[in-house]
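Respectively, the protein sequence lines represent chains A and B. Position 82 (the first sequence) corresponds to 81 in numbering that gives the first Met the number 0; numbering is contiguous. Position 375 (the second sequence) corresponds to 374 in numbering that gives the first Met the number 0; numbering is contiguous.
Bear in mind the hints are in silico, worked out from the structure with no lab data behind them. Incorrect hints may appear among the rest.
[Stated by the list, open to error] As a list, the in silico DSS-like pairs of lysine-lysine whose alpha-carbon atoms are at most 27 Å apart:
(1) A/Lys-133 x B/Lys-6
(2) B/Lys-6 x A/Lys-129
(3) B/Lys-240 x B/Lys-202
(4) B/Lys-202 x B/Lys-68
(5) A/Lys-31 x B/Lys-367
(6) B/Lys-367 x B/Lys-6
(7) A/Lys-141 x A/Lys-129
(8) A/Lys-31 x B/Lys-364
(9) B/Lys-240 x A/Lys-141
(10) B/Lys-14 x A/Lys-129
(11) A/Lys-155 x A/Lys-141
(12) B/Lys-14 x A/Lys-155
(13) A/Lys-155 x B/Lys-6
(14) B/Lys-364 x B/Lys-6
(15) B/Lys-240 x B/Lys-68
[Said to hold, decoys possible] Sample of chain B residues with no beta-carbon within 10 Å of chain A, all distances over it, derived:
(16) Gly-83
(17) Arg-100
(18) Glu-130
(19) Glu-234
In this text, a Cβ means the ideal position worked out from N, Cα and C, and glycines have one as well.
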Amino acid sequence: MNQTGELSGQERSHWLVRARGVTKSFGEGDTKIPVLKGVDLDVASGEVLFLVGPSGSGKTTLLSVIAGILESDDGDVRVLGESIQELSASAKTNFRRDHLGFIFQQYNLLPTLTAVENAAVPLFIQGVPKVEAKARAEDILKTMGMGERLMALPPKLSGGEQQRVAIARALVAEPQLLLCDEPTASLDGETGHRIVEQLCGVGKHPDRAVIIVTHDSRIFEFGDRVVHMEDGRVGQIRQGQGDFI
Amino acid sequence: MNFVALKMLFGDRAKYLMLLAGLTFSTMLIVQQGSIFWGLMTWSQSGITNINAPVWVTDPNINQVEEIKPLADTAVNVVRSVPGVEWAVPLYKGVQRARLRDGNYEQIALVGIDSSTLIGRPHTIIEGRIEDLRAPDTVAIDQLAVQRLGGPDRMHLGTTFEVNDHLVKVAAIVQAQKSFQNFPFVYTTYERALGITPQVRRKLSYVLASPVEGVSPEELARRIHEHTGLGAFTEEQFGWKTVQWILKNTGIGVNFGTTVLLGFVVGMAIAGQTFYLFTIENLRQFGALKAIGASTGMLARMILLQSFTVGLIGYGLGIGLATLFGLTTARGGRLPFVETWPLLVGVGVALLMICSLSSAISIRKLAKLEPAVVFRG
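Taking the hints into account, I'd like the entire structure generated from these sequences.
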């Protein structure tokens, strides 16, 4: 691996994400602010990667570009072999539906759906019959210790429970790439640890990968790599428990 | 996702009820006002529909059925001479004064029908025999006349009262559609009506005619007009002419139209605003759905389903409430209230527009929504 976050040699054959020279700016003319300034990044299958850095360093923007939610200004982003920027808007939507899972800092659960219905939403979107979708969501929630809270509405759930429902929602359609934005930011330390352990368990699957944007240094130990971003560029990288290079 | 859309709608109880209330009120207002309006228009044509004649021959410059411009007595025979006429009979129509036993006076609409054929008689006879009008000094009165001229205890078969100082006896009680002026109807023979009413040069109000087999009423009306120079209309044409005159000259159309428009605008405002609020408050959730893989088209279908579902429920409730109003307040013809299927279809279309426009505002917002909103803390 080199200092720009690229994988090399044998690692390269397993990559799920490959970003090269990605740039992204917001605003126009004098108010134009470059947020990503030529980012290169690889994520291999079976890898749990933490994307860290100060606020405004471009972590979330990079995550959005990888997800096809934001359009990069320049560069190439390939996810599961697909060049994201070359897909049409509807193809991007379908790509996200079929291959990506998301966990958001604010959970964004639908307040009028029960826990199991919230977890089943990606399957509803895919057109899976309601009974089957709910059964699959129920199975996942049970493995997360939410078997007693299946019918609870989000406002009645604690922060940790809501995040577990959000994780179940992200995993229910068995996505190959899981994108997480500050998944522990609203949780206490113990709950945060438990949640990250569960996420990392998913990432260890040989056909999957997890990218976690976080400020929470207490959870770095769970990742395979920690990529530090600064001022729109990939800076230091730490492999496993080692030091940043 | 239909199931998700409906749970989102019904789960937000406060907004759902506000939406429902707005659409129900809107539907009820439009149906109620539309039914009263059409009831008034029905009443305005009662002078025609109560008579039940295929063709009406009138003064050429007549505007509406209550604006009586008498014809020359010879008009009946002139009309009979037109090819295609099977029969033609005279009709007297005018407002007269009835004097009750207690000395009170009441205005009545006196209708004189042909004594030999009794053409122009009301459809429904409640009591007595209409043929008894051929007996001396007899009249038939409608239910409104029973009420206005003393009530059922004092006004029944055999009761006598005066019309223009002529004593008449009730021989039959009939059912007639109320008139726009709300005068009770009193029927008698044409000849007796001429005798009762004050002397003037012309008394023939209308000539009623019917075509022979093979000639349509429209064709006969055209022929009568060409041959005699008189006005000639089918029952339907004369009815519409009357309605048009009322709409043009009374302001009723503008008044009712304004209220109906108000119902539409109120419904639109409440539904539009509530839907928009609903969308704004769920923007992050919609953004999450977009990020997860829901297309804008799918979200638009969800919004439309929510909108049309609450619209359909509001439509049913609104029509139910308006009908209840009609059944209670307008019972017995006290108020003009005619709920017709074209009105209900029209209100359905209006509601469809309200729902579509309200949804469009939200869909526009969702179409522009960047799913990246969900990554902002």
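Open item on the list: Check the structure against each numbered hint from earlier and tell me which ones fail, lowest number first.
Closed with: The structure breaks only hint 9.
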